[in-house]
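Trainee: Line order of the protein sequences matches chains A and B.
Just so you know, we're using our numbering here: the first sequence kicks off at 21 and counts up by one.
Just so you know, we're using our numbering here: the second sequence kicks off at 2 and counts up by one.
There may be inaccurate statements among the hints.
Stated by the list, open to error - Okay, the calculated bits of chain A under chain B, using three or more residues with CB under 8 Å as the criterion:
(1) 56–66
(2) 120–126
Claimed, not checked - Distance condition first, Cα-Cα at most 20 Å in a straight line; then the derived SDA-like pairs of lysine to any residue:
(3) A:Lys64 <-> B:Phe61
(4) B:Lys114 <-> B:Glu78
(5) A:Lys64 <-> B:Gly107
(6) A:Lys77 <-> B:Asn101
(7) B:Lys82 <-> B:Phe61
(8) A:Lys64 <-> B:Thr24
(9) A:Lys64 <-> B:Lys114
Honestly, the hints are just simulated from the structure, not real lab data.
Quick reminder that beta carbons are idealized off the backbone N, C-alpha and C, glycines included.
Here are the chains, one letter per residue:
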Amino acid sequence: NAGVTQTPKFRILKIGQSMTLQCTQDMNHNYMYWYRQDPGMGLKLIYYSVGAGITDKGEVPNGYNVSRSTTEDFPLRLELAAPSQTSVYFCASRPGQGPYEQYFGPGTRLTVT
Amino acid sequence: GQNIDQPTEMTATEGAIVQINCTYQTSGFNGLFWYQQHAGEAPTFLSYNVLDGLEEKGRFSSFLSRSKGYSYLLLKELQMKDSASYLCAVREVRGKAAGNKLTFGGGTRVLVKP
Numbered sequence: 021n022a023g024v025t026q027t028p029k030f031r032i033l034k035i036g037q038s039m040t041l042q043c044t045q046d047m048n049h050n051y052m053y054w055y056r057q058d059p060g061m062g063l064k065l066i067y068y069s070v071g072a073g074i075t076d077k078g079e080v081p082n083g084y085n086v087s088r089s090t091t092e093d094f095p096l097r098l099e100l101a102a103p104s105q106t107s108v109y110f111c112a113s114r115p116g117q118g119p120y121e122q123y124f125g126p127g128t129r130l131t132v133t
Numbered sequence: 002g003q004n005i006d007q008p009t010e011m012t013a014t015e016g017a018i019v020q021i022n023c024t025y026q027t028s029g030f031n032g033l034f035w036y037q038q039h040a041g042e043a044p045t046f047l048s049y050n051v052l053d054g055l056e057e058k059g060r061f062s063s064f065l066s067r068s069k070g071y072s073y074l075l076l077k078e079l080q081m082k083d084s085a086s087y088l089c090a091v092r093e094v095r096g097k098a099a100g101n102k103l104t105f106g107g108g109t110r111v112l113v114k115p
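Only chain A is shown next, with the shape it has when bound in the complex (with noise of 0.2 Å):
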């Protein structure tokens, strides 16, 4: 299994572009998460989904766009980047029962000039 998978690693964007960051997780997981981590700082959860075509909000969700059409992919839209989106991004799965521990992806890099 290749577990959770990010693309890109990294990207610079221009104020007010647009992008997609994916994620892709092979191990059959309903629950899955998008985080950022911005430097020396903990996680903050933007978005989670529980199932196929089910997502809900998490702290700091403004700025940003997910879908799940699939169990296996969840990604995240940014519109209109900012520099206040400069961050690392982390996707994470866990499945349905317990422990419930999550799986995290390797992260994306993103700088917004």
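Add chain B to chain A, keeping to what the hints say.
Mentor: Okay, now just chain B, sitting in the frame of chain A:
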């Protein structure tokens, strides 16, 4: 909501023991996780406590007291490779998102010196 506190940084010597404390406030506690994160990498799972007491896993142990809203991660026989950030995260059961989300603390950066 939740409030999770942990120290920002700790320094220890190779071979020593370090204890990282985490305090939390939540109305619907349903488990506490510890993750390790090396610089530039993704977090990886270390331990999970849902009942009071100590969970031991090799050189790492984690303790939970639900009545005090307190946990600690104990790292024994420190090695240079243990230099990393350690994240405390609480699983909450409340409302329609019951049990689906984790809230993370800011992380504790541990520096192991020779």
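Trainee: Next, verify each hint and record whether it holds.
Mentor: Verification of the hints:
no.	hint	in the structure
1	56–66	holds (count 6)
2	120–126	holds (count 7)
3	A:Lys64 <-> B:Phe61	violated (25 Å)
4	B:Lys114 <-> B:Glu78	holds (12 Å)
5	A:Lys64 <-> B:Gly107	holds (9 Å)
6	A:Lys77 <-> B:Asn101	holds (12 Å)
7	B:Lys82 <-> B:Phe61	holds (13 Å)
8	A:Lys64 <-> B:Thr24	holds (18 Å)
9	A:Lys64 <-> B:Lys114	violated (30 Å)
In terms of the numbered hints stated before, the structure departs from hints 3, 9, listed from lowest to highest.
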